[in-house]
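Note that the protein sequences, when read in sequence, are chains A and B.
Using the working numbering, the first residue of the first sequence is number 2, and each one after it goes up by one.
Using the working numbering, the first residue of the second sequence is number 2, and each one after it goes up by one.
Just to be clear, a hint being listed does not mean it is correct.
Since copy identity is lost for identical chains, a pair holds within one copy or between any two.
[Said to hold, decoys possible] List of simulated lysine-lysine pairs, DSSO-like, C-alpha gap at most 27 angstroms: (1) Lys294 to Lys317; (2) Lys75 to Lys201; (3) Lys185 to Lys73; (4) Lys30 to Lys229; (5) Lys157 to Lys83; (6) Lys344 to Lys201; (7) Lys75 to Lys157.
Since the hints were made in silico from the structure, they are not lab data.
Note that the structure is a prediction, hence the values are computed from the model and not measured.
Protein chains: 2
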Amino acid sequence: MNIPDLKLPRIVVIGGGFAGISFIKKLQKEPVQIVLFDRHNYHTFQPLLYQVSTAGLEPDSIAYPLRKIFRKNKNFHFKLAKVNRVDAEDKIIRTDIGSLSYDYLIIATGTRTNYFGNKSIEANSMPMKTISQALDIRSLMLQNIEAADRTEDPEKRRACLNFVIAGAGPTGVELAGALAEFRKGILMRDYPNLVENEMKVHLVEGGSRVLSPMSETASRNAQKSLQKLGVEVHLNTLVTNYDGYTVETRDGKKFKTMTFIWAAGVTGAPVQGLKAEEVLVAGNRFKVDRFNKIEGFDHIYALGDVAYMETPVYPKGHPQVAQPAIQQGRNLGENFKRMFRNKPLKEFKYYDKGTMATIGRNKAVVDVKKLSFGGAIAWFMWMFVHLWYLVGFRNRVITFFNWTYNYINYDRAARLIIRPFRRSS
Amino acid sequence: MNIPDLKLPRIVVIGGGFAGISFIKKLQKEPVQIVLFDRHNYHTFQPLLYQVSTAGLEPDSIAYPLRKIFRKNKNFHFKLAKVNRVDAEDKIIRTDIGSLSYDYLIIATGTRTNYFGNKSIEANSMPMKTISQALDIRSLMLQNIEAADRTEDPEKRRACLNFVIAGAGPTGVELAGALAEFRKGILMRDYPNLVENEMKVHLVEGGSRVLSPMSETASRNAQKSLQKLGVEVHLNTLVTNYDGYTVETRDGKKFKTMTFIWAAGVTGAPVQGLKAEEVLVAGNRFKVDRFNKIEGFDHIYALGDVAYMETPVYPKGHPQVAQPAIQQGRNLGENFKRMFRNKPLKEFKYYDKGTMATIGRNKAVVDVKKLSFGGAIAWFMWMFVHLWYLVGFRNRVITFFNWTYNYINYDRAARLIIRPFRRSS
Chain A
2 MNIPDLKLPR IVVIGGGFAG ISFIKKLQKE PVQIVLFDRH NYHTFQPLLY
52 QVSTAGLEPD SIAYPLRKIF RKNKNFHFKL AKVNRVDAED KIIRTDIGSL
102 SYDYLIIATG TRTNYFGNKS IEANSMPMKT ISQALDIRSL MLQNIEAADR
152 TEDPEKRRAC LNFVIAGAGP TGVELAGALA EFRKGILMRD YPNLVENEMK
202 VHLVEGGSRV LSPMSETASR NAQKSLQKLG VEVHLNTLVT NYDGYTVETR
252 DGKKFKTMTF IWAAGVTGAP VQGLKAEEVL VAGNRFKVDR FNKIEGFDHI
302 YALGDVAYME TPVYPKGHPQ VAQPAIQQGR NLGENFKRMF RNKPLKEFKY
352 YDKGTMATIG RNKAVVDVKK LSFGGAIAWF MWMFVHLWYL VGFRNRVITF
402 FNWTYNYINY DRAARLIIRP FRRSS
Chain B
2 MNIPDLKLPR IVVIGGGFAG ISFIKKLQKE PVQIVLFDRH NYHTFQPLLY
52 QVSTAGLEPD SIAYPLRKIF RKNKNFHFKL AKVNRVDAED KIIRTDIGSL
102 SYDYLIIATG TRTNYFGNKS IEANSMPMKT ISQALDIRSL MLQNIEAADR
152 TEDPEKRRAC LNFVIAGAGP TGVELAGALA EFRKGILMRD YPNLVENEMK
202 VHLVEGGSRV LSPMSETASR NAQKSLQKLG VEVHLNTLVT NYDGYTVETR
252 DGKKFKTMTF IWAAGVTGAP VQGLKAEEVL VAGNRFKVDR FNKIEGFDHI
302 YALGDVAYME TPVYPKGHPQ VAQPAIQQGR NLGENFKRMF RNKPLKEFKY
352 YDKGTMATIG RNKAVVDVKK LSFGGAIAWF MWMFVHLWYL VGFRNRVITF
402 FNWTYNYINY DRAARLIIRP FRRSS
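When you get a sec, could you build the whole thing from the sequences and use the hints?
Here it is as structure tokens:
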């Protein structure tokens with residue numbers, strides 16, 4: 002695959018998400034060769050995916066070319082490829098573009114959508130883990146509103162205007178809020194045939210509160226904000242089936258909908274080849290020690306969402322969000338530097354900067370330390386933090402301008418059906 | 002299809018391009034019902050499509066939601082649908098979402114790519130008439146550069162880095178220039194394995210000069226600028242075959258390439274149903290009188306690229322570009338107003354504001370009246386005019402920011418392979 006042999010330690014990184022790029026950034030000036038594999042040629046800022054889905058932002062605002070991040074590093078190589086398996090004994094990875102030996106292997110492959118084995122949901126619902134899936138949701142949502150506008154069949158019209166989201170984690174909550182705002186800002190003004198409250202947004206959650214990883218105060222505030230926006234929140238409600246038309250729940254509820262978004266779970270996306278029974282724990286995550294080394298393997302590390310590390314403060318592992326991934330990437334990068342200098346390594350310690358979620362215009366919730374607050378201040382903090390973490394000056398400016406424009410005009414400029422979504426069945 | 006019957010004259014417009022929207026804009030305050038059909042829910046600013054292809058702009062910069070343009074007009078209806086045929090006797094159009102009667106029918110369906118009956122070119126080349134085709138070109142271009150970066154086979158590498166464009170009209174010229182700038186600004190910095198002059202851009206033209214609709218001075222200037230940028234211009238060279246790997250020309254040239262873009266011709270995209278032998282002239286355009294009425298039909302009009310009108314100054318019809326379309330739309334709109342007021346109608350008279358094309362950074366050519374000039378002034382004029390004609394304040398700001406950013410940084414931020422292009426064969 003055309004990687005020069007440099008007689009330098011070769012570090013192979015699989016996955017250009019938060020963990021992978023934070024790790025590589027720390028090693029840019031080290032005498033190592035770094036080869037990054039990803040199936041996309043860009044880094045995705047996943048926390049803002051829902052804004053691509055709801056026509057607020059275009060992909061180039063939340064995606065950043067991976068080659069560009071590290072273009073100043075002459076010993077960095079990017080390969081657009083899918084890694085099929087690891088051969089740990091020979092220290093080789095097998096990909097769809099050939100094999101490559103490594104000295105150190107960093108697995109930062111993140112998670113994928115978890116359907117919990119439910120085939121009907123997997124076949125018919127819309128997941129939202131990649132930009133292309135987010136664009137599919139955007140197209141489908143707009144196509145269904147167009148279909149509602151032209152049909153004279155009241156039942157079809159209702160199904161087209163019914164939006165059901167499963168899972169009230171940050172993704173589900175933010176998506177539900179954005180859809181409710183779309184209804185308010187766009188539906189009434191663009192579609193003279195439609196009436197605002199004909200469009201319904203249902204948020205269906207198996208647990209007993211929204212945003213369960215956050216504080217109870219945040220959950221309460223978020224739920225109140227959602228309901229104020231007109232989102233119908235159904236707690237303790239487990240979805241059991243979706244045939245493409247009717248969502249069924251365990252307690253017998255039925256929602257007729259043409260748009261069912263599945264944000265109810267993720268599971269690790271580990272690389273194959275390391276014996277599963279030895280290294281994978283619940284949630285398909287690699288069990289790692291305090292230095293992110295996969296237990297039982299030398300030279301193989303896991304970072305971020307796909308890593309499972311027990312610490313005194315987090316005896317059940319860290320939350321699968323951006324911050325632990327970024328911090329683990331940095332810590333491992335620093336540890337590699339220490340290792341090359343024969344210095345003692347540092348255990349990973351997660352510094353919890355807080356959690357936040359936005360619900361809509363002037364509405365967000367923030368937990369920091371023991372504090373929990375909501376409202377406009379939380380919303381400004383949310384915006385500031387997300388702009389701050391976006392990669393690249395340009396993406397920040399474009400996103401900031403779009404947010405300002407959308408805020409002033411109650412608009413979503415990217416409501417474009419560029420590629421109509423067609424179910425592949 | 003859920004269109005209210007208002008006892009107002011119903012004007013059905015097919016196509017939301019320059020002609021269609023200019024026409025409707027003139028009638029917003031008239032007591033008429035307007036129904037616009039388009040296969041997309043947005044207006045496309047076609048002159049900047051090539052910037053979407055070459056990763057300079059995202060779709061939302063050059064597309065504008067059609068519903069939004071006319072949202073203040075309560076008697077305006079948009080339908081996302083494909084019009085299959087016209088039944089002129091009964092004054093009905095047949096679409097994939099049902100039939101609708103009209104009092105007046107405006108056909109503004111534009112053109113589609115013309116392969117001149119060549120099946121191999123149609124099957125294997127990349128056309129660029131829609132945003133989704135432009136995104137395909139972007140993906141394919143980036144995929145092929147990635148493939149070149151990883152292959153160790155020198156012949157495959159050459160084919161991946163060879164870009165061939167057929168047709169040196171404005172589209173072909175602008176695309177060739179943008180690809181050459183991509184090579185200069187991105188290739189060398191993002192791809193340490195590749196050498197700048199390994200990437201070749203060939204512009205192949207059947208005629209004897211580039212930009213043949215412009216002045217000879219403009220052609221000369223444009224060709225010089227292209228060559229300075231490293232584009233290889235092949236004049237008097239007709240492409241006869243492309244099997245997906247080798248472009249063959251009538252004079253025996255062969256170009257091995259994985260990316261062959263077809264910008265060598267368009268033909269009218271008329272609506273079916275009006276007897277072809279009576280109304281269509283060469284180039285599949287509807288023969289119209291000086292009021293854009295299709296000859297032989299009452300109440301049916303054609304506008305823009307799909308209309309063919311002979312005038313003393315333009316005895317062979319008007320050029321198929323934005324300005325005649327915009328001006329015809331406006332004139333017809335004004336004539337409808339006059340008609341409703343029993344005033345005499347005005348013949349269409351094309352006011353030629355000039356022609357322009359950009360080649361790259363600080364390089365453009367402009368013909369105005371008898372004047373022809375190039376260089377940085379022409380380039381600034383080109384930018385100003387294109388920003389001016391973009392629909393919407395937001396799209397202008399986003400485009401302007403992206404251009405400024407790209408100019409300063411020699412960058413193309415949207416070099417993202419969101420949906421990999423796969424040949425459907």
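Kindly indicate which numbered hints from before are broken by the structure, ordering the numbers from low to high. Structure breaks hints 4 and 6.
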